[in-house]
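*Asks:* Residues per chain, in single letters:
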Amino acid sequence: MAQQNAIEVKSITRKFGKLVAVDDLSFTVEQGEIFGLLGPNGAGKTTIINLILGLLKAQQGEIHVLGFDINSQTRQVYRRAGYVPQETNLYQDLSAIDNLWHHAALYCQDLSSVKDRMEELLNFTNLWHRRKDPVRTFSGGMKRRLALARALLHDPEVIFFDEPTLGVDVQGRIALWEHIQQQREEGKTFVISTNNMVEADTLCDRLVIIDHGQSIALDTPENLKAGMQYDVVSIHTSPPIVEPETLLSPYPVQNITQFEPDCLRFEMENADTRTAELINTITKEHQLDSILIARPSLDDVFLFHTGRALRE
Amino acid sequence: MRRFSLLLRNEFKSFLTAPVVHLIAILQPTLMYILMSVIMVVPTFEMRIVNPSSSLGARFIAAVDEVGSPVGPDYIEPILVDDPSPGFRQVVEIIETDGNSTALQTYGYIDSNLVKNLRNRLTAALLVLWNIDLGDQGITIHEHPWLPNDIPYTVYFGMAMIPLAAYLAAAMIGGYLMAQEFENGTILIYRLCPTSYPLILAAKLTRLMIIALTGAGILYLFLGLITGIWSSSFIAVFVILIPLILIASCIGLAAGLITRSSLPSFLIALASAFAFWLIGSGFGLAAGFSTIFEKISRLIPNTPIIEMMFPYFYYERQVAAHPLAAKLQLVGYTLSSLIMLVFIYQKRVLSKDR
Numbered sequence: 001m002a003q004q005n006a007i008e009v010k011s012i013t014r015k016f017g018k019l020v021a022v023d024d025l026s027f028t029v030e031q032g033e034i035f036g037l038l039g040p041n042g043a044g045k046t047t048i049i050n051l052i053l054g055l056l057k058a059q060q061g062e063i064h065v066l067g068f069d070i071n072s073q074t075r076q077v078y079r080r081a082g083y084v085p086q087e088t089n090l091y092q093d094l095s096a097i098d099n100l101w102h103h104a105a106l107y108c109q110d111l112s113s114v115k116d117r118m119e120e121l122l123n124f125t126n127l128w129h130r131r132k133d134p135v136r137t138f139s140g141g142m143k144r145r146l147a148l149a150r151a152l153l154h155d156p157e158v159i160f161f162d163e164p165t166l167g168v169d170v171q172g173r174i175a176l177w178e179h180i181q182q183q184r185e186e187g188k189t190f191v192i193s194t195n196n197m198v199e200a201d202t203l204c205d206r207l208v209i210i211d212h213g214q215s216i217a218l219d220t221p222e223n224l225k226a227g228m229q230y231d232v233v234s235i236h237t238s239p240p241i242v243e244p245e246t247l248l249s250p251y252p253v254q255n256i257t258q259f260e261p262d263c264l265r266f267e268m269e270n271a272d273t274r275t276a277e278l279i280n281t282i283t284k285e286h287q288l289d290s291i292l293i294a295r296p297s298l299d300d301v302f303l304f305h306t307g308r309a310l311r312e
Numbered sequence: 313m314r315r316f317s318l319l320l321r322n323e324f325k326s327f328l329t330a331p332v333v334h335l336i337a338i339l340q341p342t343l344m345y346i347l348m349s350v351i352m353v354v355p356t357f358e359m360r361i362v363n364p365s366s367s368l369g370a371r372f373i374a375a376v377d378e379v380g381s382p383v384g385p386d387y388i389e390p391i392l393v394d395d396p397s398p399g400f401r402q403v404v405e406i407i408e409t410d411g412n413s414t415a416l417q418t419y420g421y422i423d424s425n426l427v428k429n430l431r432n433r434l435t436a437a438l439l440v441l442w443n444i445d446l447g448d449q450g451i452t453i454h455e456h457p458w459l460p461n462d463i464p465y466t467v468y469f470g471m472a473m474i475p476l477a478a479y480l481a482a483a484m485i486g487g488y489l490m491a492q493e494f495e496n497g498t499i500l501i502y503r504l505c506p507t508s509y510p511l512i513l514a515a516k517l518t519r520l521m522i523i524a525l526t527g528a529g530i531l532y533l534f535l536g537l538i539t540g541i542w543s544s545s546f547i548a549v550f551v552i553l554i555p556l557i558l559i560a561s562c563i564g565l566a567a568g569l570i571t572r573s574s575l576p577s578f579l580i581a582l583a584s585a586f587a588f589w590l591i592g593s594g595f596g597l598a599a600g601f602s603t604i605f606e607k608i609s610r611l612i613p614n615t616p617i618i619e620m621m622f623p624y625f626y627y628e629r630q631v632a633a634h635p636l637a638a639k640l641q642l643v644g645y646t647l648s649s650l651i652m653l654v655f656i657y658q659k660r661v662l663s664k665d666r
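Just so you know, the protein sequences line up as chains A and B, in that order. Each residue of the first sequence is one higher than the one before, counting from 1 in this note's numbering. Each residue of the second sequence is one higher than the one before, counting from 313 in this note's numbering.
Hint data in this document are derived by calculation from the structure and do not stem from the laboratory. Virtual Cβ for every residue (Gly too), placed ideally from N, Cα, C. Among the hints, erroneous ones may be present.
From the structure, some residues in chain A lie toward chain B, with a derived Cβ separation under 7 Å [said to hold, decoys possible]:
(1) 75
(2) 83
(3) 217
(4) 263
Which chain B residues stay away from chain A? Per the calculated CB distances, all over 10 Å, these [said to hold, decoys possible]:
(5) 349
(6) 374
(7) 502
(8) 514
(9) 542
(10) 573
(11) 606
Using the sequences and the hints, build the whole thing.
*Replies:* Structural data, given as structure tokens:
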């Protein structure tokens, strides 16, 4: 028997007045995977999560979470889903353990084992030693970890994590990624929304790139990047190259961008096999200060599909 | 039951999120009462009867005894004087219009019903005398420290503040904390939780009930300590308060749900508490004022509450015209408030069409 999808989103549309926030969007999330919603701010990622969780109602389309219709079987979904919103909505004046007790009363079906579960999760997120401290004394990373522990408290099958590492320092970010991956290994399904390409690349098994509420690409990060068929070349020269199109005309290049006077960026098929030849061409009349040849990033994928960078 | 007790535990933990607001809401009426009881005049009565050497004075005292007083004969202390003092506002005048004689008496708006009942008895006593021979003499009345058998105005005032204390604590804390859930984003926890919302609301109402009863209890304690007079049934007084606390909790929570902002909900709770107190028999029983005021006052839940509490502070004297009607009114208000709260909670928290 085929494994049931964790989430099925079929042709959903949501408008706010004239603004189309989500436009005929479809995708599925398999059980046990980390699925990413990647897109710039305002792309509609949080709205999509709100629609999947039933916080908003789609004007068209269907959403099923673990086989339950989100509109008619909301409570069944809520028993099995956890959510860490973008704004960490913890009670700042309560201790970490009191925040968990608050959540337990509202979410946990089995209250007999909840105390052990709290200890397990606070140890898992390295917060056990701070369990009695008010949350307002925690760092941003600690708050996100506590929010994750809270979302996991009722042992949900699917966890929605909106911008997991927003405002979190590097150490905290790596710790959070590890926690998410550990939970995935235990069979949890994660849906994360992010505009951080490194996060999406590192964490997600598959992702959908969202722009203006529409899906513009959906695959594994590797496949999305492999589909680009070119390498990205960045060079610094002195003096600056005045007519790059002429200089690079022997090569299969495209999208030449001069983003600083002495810095050029272009896309080139199989650049890694023609590096020496390219360097020779440039150094005939210019001094080459640096050259970087990279496989396309998810930002390049986004640029390819939308004509603008993800960070813009 | 375990879930409900956990929910209740969460509710009480919320004290830590706003301790100052809790303390203000619980203690403000008591502090106000203590302050006002210091500055408030204790109204009891002293009569000055003109021409003490005449036989009229003695006849008037006999007439007062004959008519009686709702608070006992010791309440009135007649003092015979030679001249009516024109400076006294509360003068009973005998005037003649078109050949008919009339006893004219003026009430102040904040006079308690007790005062008015006394004056009515005095008027009656005067009318007894009038039949004999009043002539051109008058009687003046002024206030003096209270007498042993009287219950002073501070007791009525304090008793009428007990509903205020209960209302204020429930509405203010309910509204403020509910609005805080929106301001801090924690309302999302309630929107996504699988627990049934009537259970959540029941925990919130129970918490507000306990806090409001605590606020009312503190005032009750100070009322007794300051006046030395304790109600005949502590439990009955607090049972009577329950519908008002539920109404106040619903209004407070609804304000928080609608405004989603702590300051407006705080102000709504404060304004409604004081409006209900002032209009709802806070300074005197509704029946003691004008007909229009009484009608308005009877729409306020405080009025039936105070009328039902009255016997427990005033030697079992029943003042509510229709005790059953008052009970039905309170039941109706309470049910309406609960229905309103459920409706607003559904719209503001659970609704998806936003």
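*Asks:* Could you run down the list of hints and mark each one as holding or not?
*Replies:* So, going through the hints one by one against the coordinates:
1. 75: Hint on residue 75 (chain A): holds, closest Cβ of chain B at ~5 Å, below 7 Å.
2. 83: holds, 6 Å
3. 217: Constraint on residue 217 (chain A) not satisfied, violated at 29 Å.
4. 263: violated, 42 Å
5. 349: At roughly 35 Å from the nearest Cβ of chain A, residue 349 (chain B) sits farther out than 10 Å, so the non-interface label holds.
6. 374: holds, 70 Å
7. 502: It is violated; residue 502 (chain B) is separated from chain A by about 7 Å at its closest Cβ, not greater than 10 Å.
8. 514: The assertion about residue 514 (chain B) holds, with a minimum of 13 Å to chain A.
9. 542: Answer for residue 542 (chain B): holds, closest chain A Cβ roughly 38 Å.
10. 573: For residue 573 (chain B), whose nearest Cβ neighbour in chain A is about 17 Å away, the distance exceeds 10 Å, so it holds.
11. 606: holds, 46 Å
Violated hints, in rising order: 3, 4 and 7; the structure is consistent with all others.
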